[in-house]
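Visitor: Here the protein sequences come in this chain order: A and B. Take any residue in the first sequence, note its place counting from 1, add 1472, and you have its number in my numbering. Take any residue in the second sequence, note its place counting from 1, add 1472, and you have its number in my numbering.
I should point out that these hints are in silico values taken from the structure, not numbers from a laboratory. Just so it is clear, the structure is predicted and the values come from calculations on it, not from any experiment. Glycine included, each C-beta is placed from N, C-alpha and C at the ideal position. Some hints could be false.
[What the hints assert, rightly or not] Each computed DSS-like pair below joins lysine-lysine, with the alpha-carbon atoms no more than 30 Å apart: (1) B:K1647 / A:K1834; (2) B:K1549 / A:K1488; (3) B:K1829 / B:K1852; (4) A:K1789 / A:K1649; (5) A:K1477 / B:K1647; (6) A:K1523 / B:K1597; (7) A:K1484 / B:K1590; (8) A:K1481 / B:K1647; (9) B:K1570 / A:K1570.
[Unchecked claim] Derived coverage of chain A by chain B (criterion: at least 3 residues anywhere in the stretch with Cβ under 8 Å from a Cβ of chain B; other residues may be distant): (10) 1478-1486; (11) 1558-1570; (12) 1582-1593.
Chain by chain, the residues run as shown.
2 protein chains.
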Amino acid sequence: MRQSKLFTKTQKDAPKDEISVNAQMLARAGFTDKLMAGVYTYLPLGFRALKKIENIIREEMENAGGQEILMPSLQPKENWTVTGRWETMDDLYKVTDKSGKEFALGPTHEEIIVPLAKKFISSYKDLPLYLFQIQNKFRMELRAKSGLLRGREFLMKDLYSFHKDEADLNEYYEKMKGAYRNIFEKAGVGGITYITFASGGSFSKYSHEFQTVTSAGEDTIYLCESCRVAVNKEMRDEQDSCPVCGNKNLTEKRSIEVGNIFNLKTKFSDAFGLSYKDENGKERPVLMGCYGIGLGRLLGAIVEVHHDAKGMVWPEKVAPYLAHLINIADSSNVADNLYDELSAIGVEVLYDDRGNKSPGEKFADSDLLGMPNRVVISDKTIEAGKYEIKKRSEKEVKLISRDELLNMFKKK
Amino acid sequence: MRQSKLFTKTQKDAPKDEISVNAQMLARAGFTDKLMAGVYTYLPLGFRALKKIENIIREEMENAGGQEILMPSLQPKENWTVTGRWETMDDLYKVTDKSGKEFALGPTHEEIIVPLAKKFISSYKDLPLYLFQIQNKFRMELRAKSGLLRGREFLMKDLYSFHKDEADLNEYYEKMKGAYRNIFEKAGVGGITYITFASGGSFSKYSHEFQTVTSAGEDTIYLCESCRVAVNKEMRDEQDSCPVCGNKNLTEKRSIEVGNIFNLKTKFSDAFGLSYKDENGKERPVLMGCYGIGLGRLLGAIVEVHHDAKGMVWPEKVAPYLAHLINIADSSNVADNLYDELSAIGVEVLYDDRGNKSPGEKFADSDLLGMPNRVVISDKTIEAGKYEIKKRSEKEVKLISRDELLNMFKKK
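Let the sequences and hints guide you as you build the complete structure.
Guide: Next up, the structure:
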């Protein structure tokens, strides 16, 4: 992408109404635009990062046997009265049409997927089953103030698993923990994201959250450094030691919940009468698990974790572009050629070809946007027959040959 | 995908409340599930077809210079009062939150994109600009009865173009016609989709629709067979001849509007004060075009056009799977191996490995699902050392060798 054609421009100052680092940096860099509190437009660079996250998640869900579907946001009231959540869910947006019919804007999809699954599940032969979607959710957050960390409208991946017994559910639940670890590893927050024991609600002792440690977090967790698991503050009274090793010397940390997984058991199956015939012809309730990740929240968490005073520092697998090519030479010939060459071999390059910006402005923008690799073409590098390369996360600047440069990017 | 693991099963009978062919066949084949009138879940096979359509559209929009973004569905009332459409748009869903704040559920996105563009467009140097998204739209259709052809909630691609003058807008408008022709060609409805002159509303003499001729259509058009353009019935009084050649001998046809493009001129720029400084520093209004395609409607139209009494007949580029591999031999060894081999070289295969279905049931399902190529493995084909292949759109059955088979699919 030639930066001269890019829709967005960077801004010196963050919007006055944004207090979180992720919202400030994403706005300044032109990744997102705030339409209102908790509701954001993804602009071209932000959209690319979002798509990278989406594809990482999709790949892991498919590897775990998930079949992708797409359920509606507009949902009949009747489905929500079955579970009682029409009345009890505080943050449910409700819509009435001209004929007086009432709808919910889906904040989650158990009320839709369970009656759907019921149409196709009748025998033990239909189980297990794993369905997922990546779809907008709506929640009436009246005081959304944490940028992408807490939205009124936000993209979420939700997978629902259906099982014949608890052993099968538990096995898949453990498998999904592994899939989540892979996702957060690829997204660049693996090392600081902890499986956290949280309240299981009315149906289970625990649920599990994936909490990314950062001072920007809205949650508080108590971390067992040796087991690398944590306890959510909400569970602290019931669970004052590490659930794995019993260690009582836990460290308090602020964190962002980037994913959660629930053992739903038969809570929703019971409500909708979702059952199956076992090997002996006996009718049994289906057991369920559900597994969520907010895509925008993960994107916001990545920014909270990976930034410095100058801007964002994108991990390679989620960066909008792998390389930021910057021309500060008098002629654009060498940079144009390199841009064409890298593009031709499939390297994603943002090319700062702008003629009306000083080298200083270009470097400042590059640091703010935070692509993982910066390549600079100057009159000096042209004279030396080399290319200047610098990782956003490092200080060292290197001069390398054309072959070294191409090899470096080809591998990724 | 092994069909034994597939979430959905086929149904003999169509749901009683569906009257359109697309809704009946898609439901019977397990491609979609109706949640309520005009609101559908895409099930795994339907979701794959939807994604194919999405990717065809995205590729053409990117080729036309479009930068992809994602705007919210939840939109502040304030934006809609600026254009007056809060009051005048009949099918607008309105939501009120607990604090009394009112929102629209976006039926289109001019009210969001124009104020957004205003933040980044100030000079002629920022133009032209092309932004698009693929996002849910909501329209309060009280009598939705045509399956995917008319939804209350539906995925749409909308591109908005911004220009400094009419010549530039007109040039891009023509380019977009070409992009749309490519999309409908790839989607398998190119030969029967006609550029149709329709009302331009308050701001232009004409808009242009892309109308796919089928008896299932809700629209009526008058077709000039020699120019291959049409006039929408709504324009018939003003335009009783072919707008290209003047021919008055037009043929009446039923059709589905699969896309439309509008020359918006300065209608929305004026409302929001979107202007730019020209080369002489003079402030001028930005001209706009907008270009829509409903993804679900296109999917429904493809089914209306490409089916026979036995089921759907998917064009290759939008088929959920390129091949339907069916094992009716006693052993599954040969079929298992072929499935693995085709999957390994990236061929998308649905593999009917079900042990509890008769050959007759498998063939009937295969015709209903409508994958473009059927490969049958039977004891006879194994004995002959061949594979039986049949195109869904043809009657001829061929026996071919393993190499011929692999070569056939490799090319695609």
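Visitor: Each of the hints needs a verdict: does it hold here or not?
Guide: Going down the list of hints, with the structure as the test:
1. Taken as a hint, the K1647 (chain B) and K1834 (chain A) pair is broken in the structure, with Cα atoms around 33 Å apart against an allowance of 30 Å.
2. As the CA atoms of K1549 (chain B) and K1488 (chain A) are separated by approximately 22 Å, the hinted pair is consistent with the 30 Å bound.
3. With a CA separation close to 18 Å, the supplied pair K1829 (chain B) and K1852 (chain B) stays within the 30 Å bound.
4. A distance of roughly 20 Å separates the Cα atoms of K1789 (chain A) and K1649 (chain A); the hinted pair therefore holds under the 30 Å criterion.
5. The hinted pair formed by K1477 (chain A) and K1647 (chain B) meets the criterion: a straight-line CA distance of about 18 Å does not exceed 30 Å.
6. Our distance criterion of 30 Å between C-alpha atoms is met by K1523 (chain A) and K1597 (chain B), whose separation comes to about 29 Å.
7. Proposed proximity of K1484 (chain A) and K1590 (chain B) is supported: the alpha carbons are some 18 Å apart, at most 30 Å.
8. Only pairs whose Cα atoms come within 30 Å are accepted, and K1481 (chain A) paired with K1647 (chain B) is accepted, the gap being roughly 27 Å.
9. A hinted pair counts as satisfied when its Cα atoms are at most 30 Å apart, and K1570 (chain B) with K1570 (chain A) qualifies at roughly 20 Å.
10. A stretch counts as covered by a chain when three or more of its residues have a beta carbon under 8 Å from one of that chain; for the segment 1478-1486 of chain A and chain B the count is 4, and the coverage holds.
11. Under a criterion of three residues with beta carbons nearer than 8 Å to beta carbons of chain B, the stated coverage of the segment 1558-1570 of chain A is upheld, 5 such residues being counted.
12. As drawn, the segment 1582-1593 of chain A meets chain B at 4 residues by the rule of a beta-carbon pair under 8 Å; at three or more, the given contact holds.
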